[in-house]
Structure formats: C-alpha cells, structure tokens
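The lines below spell out each chain.
There are 2 protein chains.
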Amino acid sequence: MSSQSKQKHIVIRDVAPAIDQGRFCVKRCVGDHITVSACIFRDGPEVIRARLLWSLEGTERERVPMHKVNPGLDLWEASFTLRDCGRHSYTIIAWTDHYASWVEEFRRKVMGGRTELESERKEGLMLVERCIERSSSSASNEDAALLRQAAEGLRSDKDLNALYEKLSQPALIEAMERLQEHGDLVQYEPAVPIYADRIRGRFGAWYELFPRSQGQDPNRGSSFREAEARLPDIAAMGFEVLYLPPIHPIGLTHRKGRNNTLVAQPGDPGSPWAIGNVEGGHEAVHPELGTVEDFVHYVQRAGELGMEIALDIALQCSPDHPWVKNHPEWFYHRPDGTLKYAENPPKKYEDIYPLNFDSEARAELFAALREIFELWISRGVKIFRIDNPHTKPIDFWEWLIGDIQRSHPEVLFLAEAFTRPPMMKQLAKVGFTQSYSYFTWRNGKEELRAYLEELTSSGLQEFYRPNFFANTPDILHAYLQHGGRPAFMTRLVLAATLSPTYGIYSGFELCENVPVRPGSEEYLDSEKYEIKVRDWDAPDNIKFLVRRVNEIRRHSEALQRFDNLRFLPSSNENIIFYAKSWGEELLLIAVNLDPHHWHDCTVQVPVHELGLPPHYGVEDLLTGARYTWSEHNYVRLDPSLPAHILLVHR
Amino acid sequence: MSSQSKQKHIVIRDVAPAIDQGRFCVKRCVGDHITVSACIFRDGPEVIRARLLWSLEGTERERVPMHKVNPGLDLWEASFTLRDCGRHSYTIIAWTDHYASWVEEFRRKVMGGRTELESERKEGLMLVERCIERSSSSASNEDAALLRQAAEGLRSDKDLNALYEKLSQPALIEAMERLQEHGDLVQYEPAVPIYADRIRGRFGAWYELFPRSQGQDPNRGSSFREAEARLPDIAAMGFEVLYLPPIHPIGLTHRKGRNNTLVAQPGDPGSPWAIGNVEGGHEAVHPELGTVEDFVHYVQRAGELGMEIALDIALQCSPDHPWVKNHPEWFYHRPDGTLKYAENPPKKYEDIYPLNFDSEARAELFAALREIFELWISRGVKIFRIDNPHTKPIDFWEWLIGDIQRSHPEVLFLAEAFTRPPMMKQLAKVGFTQSYSYFTWRNGKEELRAYLEELTSSGLQEFYRPNFFANTPDILHAYLQHGGRPAFMTRLVLAATLSPTYGIYSGFELCENVPVRPGSEEYLDSEKYEIKVRDWDAPDNIKFLVRRVNEIRRHSEALQRFDNLRFLPSSNENIIFYAKSWGEELLLIAVNLDPHHWHDCTVQVPVHELGLPPHYGVEDLLTGARYTWSEHNYVRLDPSLPAHILLVHR
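Just so you know, the sequences run in chain order B and C. Under this note's numbering, read the first sequence as residues 1 to 650, first letter to last. Under this note's numbering, read the second sequence as residues 1 to 650, first letter to last.
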C-alpha cells in the first residue's frame, strides 16, 4: 500500500526559522547553530516520531532526531550547525510509531493494575512479528535478536511488570522505530531555505574611499598604485572592508562639474556614477586609476593588510558608454528616437542613461549584466555594493544574486536602497546579504531604540542585515554638521556597537562636516565631483577612537552579533544605555547623545536577570578605567569622550 | 505579447485578512464589512493601479478599486460587504498605469519650470494614440472623444500649463486607465478564502438539555412530545439554541450504571454517547424519545419559539450498533479477532467502540458518516456539536465540513475538543464554525484577561470562535461547587458578555453544584447515566438573571461581537472591568469574581480615548439604576448581584 493511500494523521506547522513559509532564505552565517522548531501533533494519543532533514544544496540530506520540548504546546526541536557557505534547506518528516504507542498503552494498563491483557499481548506480538518479517534482510544481528526476544516475551512471559520492562527497553524501542513501516509519514513542504554567508556577511567595519582622492595633487586623480600608499593607515584603523565607488571610465557628455554644477570645467573629473566612455564600460578601469592589473594588485595589497574590497556596481550608463552605441535596444527611447536620461523631475541627470529592464532584448541585457559581476569576481572582488537597486525589477535581483551565489556562495551583496520600508525589506528577502538603513537619520534616544528594536526583534533580524553607515558621500546629517567632533564620536560608537556591520565614508575620521549649503545633506566640494586632497592626520581627528572601537569589536563576539541587543533604563533622555551579550560575554554601553553638553544619569542593570552578583567589576574598554557596579549606577558622560563601552568582569 | 513575456515589476504582499496565506478560511458573517489591505509596490516611481476581486464561490467576481491609504508604507485598501452565506474568495490584481505615470512626470516638469518638452509630448502622444488604436472597437463615444482631444492637445497646444490641465482631467485618466494595455498585470495567488456564516455562527445563547430528563417520572425517560412542554420556559429565558446530547438508541452491552458504575442495574438508561442497538444507529431516534416525526415536531415547536436545535454527533458506536455487525471492517480488530473498545488507560469505555479511520474501507465509512449529517439536516438540524473531534483525523473534518457546507452553507459545526492548543486551533482552521474553550477553567482576573486577550487580539479572532460554556455535563468547576449562587451569577455574566456565543447546561440556572466526590468535576447523580427530574422553578434559581442577560444581549450589537473587547483598570484584583463597544454603543461591565465577599474599587474609564465627556450618564441594564460617571469611578459589588452591565448614555 503506498503512503498516499494511507489516512493522513500528522500535522506539522509553525516551522521556524522561516521567511514567508520558506519562500525566501533565512539568513545565517557559517558556524551558526540552527535550532529548528515546529508544532507537530496528530489526533489521538499515539506516539509521534520526527526527524529534521537538512543539507547544503546539492549534497545529501542529514537526519537529526527531533525532540518534544514542550508537550503542552506540541513543540518539537532539533539543531544543526552550518558548516558550509551557501544555500541550504531543511524540512521535517514525522510518522506514527505504532510500537511505542502500543508500549505506552501497555504501560498504563500494567501500572493501572490490569492483569487480563491477552488481547493486548497478541496485538504487540503482531507488531513485532510483522517487523521481523519486513526487516529480515535489513536488520542488524543485534536488532534481530532484540525483536526475537520481545516476541518470545510477548508469547510466554508471565510477569507483566517484567514483560513491560523488557518491551520498553530503549534499544528495542529504537530498533522498532527504525525497522517498522512508517506508513503515515508526512513531510513538511516546501523545504525551508537558509543561506549561510561567510562571517563577513554579518560582521565587518567598512571604510569607503574614492581611490582617485588618495594622492597629494588636487589637479590629478591618484592611481591605484598611489592609493596603495594609504592602505596601511586604513588597516591600522582596524577596518575589514574597503569600499570603492565605481572605478570605471567616466562619461564626458553632460559631465557634472564641481558641486554638481551642470557644466563641467576643463579638468573636472566627473561623477564616477556616470559610467563608461570610449575607453570602456562596466568591465573597464578608469585609465587614470591604472590598469586592471593595478586594480588586482590593489586588491591583493589590501588583502595582505586584512582588508577586502567592496565594489560599487551602478547599473546605468553615461551617454558615452559603449553599450549606448552597441546596444541601443537596452535603453529607453522616446518616440522621436531620443534616449531617456535619468530624471527625478524637476531634477535631471543628463549624464546618466538608465537601462531598460523592459527591453525586448532583456535576456541579452541580463546576461551582460551578470557578466559584469563574474568579471569582477575573477579580479578578486567578493563584495558588491549595489547602487539604487530599488529602481530595477526585484525579480532581476532575485535571479542575479541566486545565480551568482550558486557558483560563488561567498559573494556578498549590499543593497543601497533608501526608499520606503516594503521595498527595502523585499530586496533583503530576495537575496541581498546586507542593506543600507535609516540609522543615519535616527539620532534621538527614543527613535534609536524604536528603530533598533524593530530591526533586532520584529522578525526582520531573520533576513534584514543593516549596514550602519555613519555618513556617506550623499549623507552628511545635520547632527554631524552641528554637533562637531563629539557628534562624530557618538555616531561612531553607536554605529559600531549597535550593528556588527557598520561603515564610515572617508573624512568622517577627520570630522569633516561642512554642507554644500544650509539645510542640505550634501558635502561642500563633494569628492563625487572633484579630486580631494586631505591631511589624513589633520588635528582633532578621531582616528584613535576608530582604531580603539574596531579593536574592541574584533575581540568581542557580542559586538559581532546583531539580535543580542537589549536596551536598559537610563534616567536621562540624552544618555542611551544598552547591553550586548553573547555566551559569558556582557558589554554595557552608555552613550551621550547630546554633542553640546555633559549629562549624567542613573542607569539600571537588571543584575538578577543577567545573572550578575549584587556587585561586580566593569572595565571601560575605551579608557581602561575600572569601576564597581551594582543594580543602579551613576554615569556621567562628557562630549570630550561621550561613551562608555564597559566589559563586565564576572 | 503575452503578459508572461513581460518583465514583472509589481509586488503584492502582506494581504489581510488571511489565515496562513489563504490556506484556510477567514471567518466572518453575512452582513460583515470586509476591509482588505495589502502592501503593493514596484521599482521606480511609476503609478500603480490595483483592484480587489471577490466573489461567493461559483459566482462571478466583482471588482473594487483599491486605494493607497498609507503611501509611506505602500499600504492599499478596499472594502466589500458579505451578502451571502458560504465560501467566498478574494484576490488582488495590480498593474502599471503608464499614462498616469507619464502625466505625473509631465506635471513635475511643467511645475518645475521646464519649457522644452517636445520629446515628452511625443511620448505622451504615443501612449494616447496606441490606446486609441487598441480600443477603437471597445471604447465608448465619450472615452473616444476624450482620447482624441488629448492627442490633439499633445500635438498642438502651446500653453504647457493648460495642456497639463487637459491631460490630467480625471475622466481622461480614468478612460486611459481602462483602455490601456495592462501589460504587467500581476495577480495575487492563491486567492484568499473567507467563509461567511449566518449570524448564528457568531452570536447565540445555548441551552443544553437531556430531552429524556424533561418529565416528572424518575423511572422513565420523557419523550420529545413530553419535552415540548418545557420549551416555552426555556424560550422565556431567552435562549436561541437548544442543544441536545445524542438522541439515538443506546447500547445494552457493557451499559454504564448510575454515576458511571461498570454494571448497569435494570432500568438504568445508559449513556447517550454509547450509540446504537438493534433499534438502530446514528440515523435513529431512541424509541423512548419517540419517532423521527416526534423529533421533527420538537424541532418545529422550538423554532416557533425562536430556538433552533443543535445536535450532538459522536462518531462512535456501542457494541450493539448495527454497524458492528454489518460493517466490522469499520472498527479496530485485535489479532485475536476482538474489537477494540475505547480506552484512556487505565480507564476503559467498554460500552463504546471507536471507528477505525485507518480502515481499508474508509471511503465507504466516510460516505456513511457524511450521510448521517445529511439525514439530520433533512430533519431540520442546522447546527452540529461534534463530540471529541480531536480523536479523528483532521483531514476528515476538513473534507466533511467543506463538503456539507458546499450544499448547506448555513450549517454550523461546534468542535468539542478539550485538548492542547495546536489541535484546537487546527480544528477551527479546517472549518469548525465554533469551538469549545478553556473559559470554564479561567476564573481569576489575570487569567481571564490573558485568555480573552489571546482569543480576541492575537490573530485567533480571525478563525477561532469560542463558545463559552459556563458548565457542561462533564464540567462542574470547583469555582461553582464552592461559590454557590453568587458564583453562578458571576460566571453567567462573564460568559454572556465576554463572548457573543455562550451556553449553559441545564441545572446551571438552578445552581446545581454537587460533585460526585470531592475534587471531581463530574456531577453527582449525573444525568449522563440516569433520568433526572427537576423542579425547574426551585427556590434560589437565577432564571431572572439568565432572562435579563439574554435580553440585554439581544438588544446589544456590542455583545454580539467578539473582538470589540477592551479591559480597563480596576483597583481591586477581585473586580474585573471591561468595555464592549460597537459604533455608538458602549457598555462598561464590572464583575465581582469573589463569590464570598463584597468588594469595592475604583475603575478607570479612559474618557478621552472613548470620546466621552468628563461626566456622562450610565444605566445598569441589570437593575435600571442610573449613575453619573467620570474618568475614575467608585464601584461596589455584592455577591447578591455581583455585576454591573452599564450602558453609557452619550
């Protein structure tokens, strides 16, 4: 009798972790321990068995027994550890164990004092004998002996208590479980996918720089070879990822001038996002930056210093991009034959043509776009920051990322989408490893708390990994403009301790904070449109703090995790106080959010819940200072160093 | 070009209301207004249109335009009203409105002061002309004229502001929306089912009685004809549903005696749940109760008095049931040929054989079980109380209820499953109209509040309708045993005001509260096993309160709804205080939970949130007393009448 002709009894539901019932991948990292839970139940009192089946895509499934952890809620669990990078999936099977059900019924009757159990014995004997018959060729000698003993006992043992002991021995129960027919087996569908990234998918300090602005001559962009000179300084600050805006040839037609003026002056380098000219498109390196070999050398040199490269990929073209001539069918044409440039009316971006994802030739376009990624992967790039993904079809990203990661599971994608929440979440669901966030605009205590609680405990944490940038070439927040150096220190500590992945855009460490005009979040003399020369050791820089914070992060497992955040009470609305914990490690972090004044307060540590004694030592990892703390503690924070990162000594 | 060859852009998600993404029916009633919400968005700034499509199963889908109600969250809504009883479904379609998108872009350019818009005009003209071509045969004269005027304007109007006015007139936008190609239309799948019950699915006061115990002779069961005499008295108490335990012939083999003794004495009537003997099975009426015609007459007489019958169907058989002989293949057989009786070891129910839902002949069994329901429906029964559904396969119930309701959409099913929460929820999901609940065991303020909040606002309210029984033939709670008359009044008011569907088992109104032994929830001399004769007007009965409470319920829309409950603060843990509101109607209900002592407290009414003035009049619907209330109010409740049901006079 096939299993389908059997009556279905078992329900498997509320399977977790899962995103949209398994439609999208849960995000985890290699080494993570996954505990799968499910509600599994059936009609009647019969005993259920359940197994978790899991595997890396393309490999054989492993089986893990599930255990009932909360009988009152029919809640079962099993765990496994992700060993490999890539797409995994798991499912659950469950079936009725008729022998164990029979043993339990037998137990209750024997314990209840029943002595006339002949019918029951025959029923048990039938189960055992049927199993002996079924498994005659497959059972081990030990199992076969156990089953024979059980049958013999059921036929002739007089003492019911002793018989029950014999029939309920674990080895026999297990043998019967293995060898019986699993006639009503059900399998949860669809299988639930989990993507295991390498650790960098979750943890890393990013530093964004324009490679052309790493030199000393304001009239000439620096090359990759020249830019290499600054790598040790960046590595010394403790960054793990070096993130570069587009490095391709820049268009000449409608090139933007300094401070985003419509007409470029001779010598203006143009925006790196106006990609492509006669020297090449997305596959090419800007000649002033050097050759592909120079880029590869830069990647290698950064790697030697412990940093890897993240490359910005903007799927758009300058009017001079080779594709405009060679593949006009990949662009939008107006009825009069003109190409549509990018606009956000009344603003025009005449130096940029968007690609037409509705093109009839989009199969070829998609293949060409995929090829760009393959090419840069072959040149050593394993992290891509995607410019404006929310202006391209979501299905395209799901296909692209899935396809690339199938052959390169270690590749990471960061979505630069600043738009409404549903689109940002959907991009994260369809495959983006990390996402930009609203962190830059959350500066008050309550808004920080509300936003972080949404990110870490609303379900978002299963698939949405924010990358907390404290600034970007497009966003110099008013808080930094007006708060000066203390504001930069505050935002650095917040970004670096609230999120395991965070970043700064170069100049942040120098506390650069002059906007192009009041009320704007754009930088004055933005290096998006010109070559910049900086004194990287300018007075009042906060490189010491960047270095210290990144060093603390590298030694703290708690700061390398995201959903282990808990806000704690502080009596001053200018001081935010939170705990990060992992295993035995416990950090207590207090930050003064007011860059203009010192503040003090009482912070509360729930010592009982956190398993702390009434008094315990804490060490400020930023300064080395040590204190004895208890449940309620006095904190005073000065703008000169507006944070404590306190390690609890247990 | 087919829609499938088009690039997909639009995402429709977070569609509500829906149970498990449309796997199971949302429960509503005829007349209910359904507001469907969804998150609908796409890449880029293009304008989206969306329609809600809904229908009663088997009828043509109606279309309702959806509107964006929260642009920041891409949240759309549309509403419709359920006019018919039965299974409905809805889905959502959405597409890009290219003309509206173009008009919006044109507007922003014109408003931004751009004057050179020749390319844009040609683009708009192409959209309009393509639409004229497509719709030449289908467009109305008015639409065709509008389109021609638009095309003409795009060709020759000089004044851009006036042209924009012409192109953005609502009639034109609407015509273009209708007549344009909806090339990237997406449809949400799967369609979301909603079951619309008649109002009785949500609202009704139930009275359970044993028809054999309605007479005056303790040595002889009363017949339906005799039982009719008591119907006016029950109707006068205000009940809407009269619920009868099984009325079939009762087995003789292993018949249980009084107080559930193992051996019946001559004349003992046996348990009605031991169904079937030589006189017939589930299709038959117990001869002492009368004929099928007598039953039909009883149903009709109850109907004349405003009550309908709910019949208990227990899918199990006494050893004497005709099926045992005629269909032995529908039962469990031990290897020695004996039939398995029902057990909950060490307890035995030797008077009952369970049916074997795993039988090889279960197709025939299922058909026979279905036939039972059809038969009783033909005899006037539209409500079935199902005994122990959790001991039968869940799939069976999904099939049975779906199949019956397809031809009898007005039929209601009540699940009598007292088991763990996952099974109780699953039975409600697969189709049971109503469910028994844990209400009987929730007597303290906090446990009542926590349980009611779970039932009314955790998502359960979309599919799980509890029927709050204050007692049952199986459950005489210790609270009633020890609390006496005040406890009965308290539990009556709680059941009748916390849930629109509630019930009592006869004897409750007489405050019968003697258990078979201390610590048991079983009644002494339970009428499950013997004929009972009662004085239905015994002293100290609370029929006056039952009548008054049921009258209040009939006149209160707020008490006929379930998820309109809100607990409010009271300063005494013995007094529970809550509001029920619907439209302008607002009830404030305070109940003393301590049957032994009077209590007083201050209750808080959030006047501002509830739209009340600082002072307002309230009328106790139980007593007619009137008070002037404000935000904080003094309440004293005595066990002699332990509740206020206050109607707020606005």
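Calculated from the structure, these hints are not laboratory results. Keep in mind that the hints are not guaranteed to be accurate.
Here are the simulated PhoX-like pairs of lysine-lysine, each with C-alpha atoms no more than 20 Å apart in a straight line [what the hints assert, rightly or not]:
1. B:K425 <-> C:K348
2. B:K8 <-> C:K425
3. C:K348 <-> B:K109
4. B:K425 <-> C:K109
5. C:K340 <-> B:K122
6. C:K109 <-> B:K347
7. B:K348 <-> C:K109
8. C:K348 <-> B:K122
9. B:K122 <-> B:K166
10. B:K68 <-> C:K425
11. C:K340 <-> C:K325
12. B:K122 <-> B:K158
13. B:K348 <-> C:K122
Partial selection, computed: residues in chain C whose CB lies under 10 Å from chain B [stated by the list, open to error]:
14. K6
15. L75
16. S79
17. R83
18. M111
19. P335
20. K340
21. E343
22. F396
23. F418
24. T419
25. P421
26. Q426
Quick caveat: nothing in here was measured; it's all calculated off a predicted structure. From the three backbone atoms N, C-alpha and C, an ideal C-beta is built for every residue, glycine too.
Going through the numbered hints above, which ones does this structure break? Give me the numbers in ascending order.
Hint check: 1, 4, 16, 17 and 23 fail, others pass.
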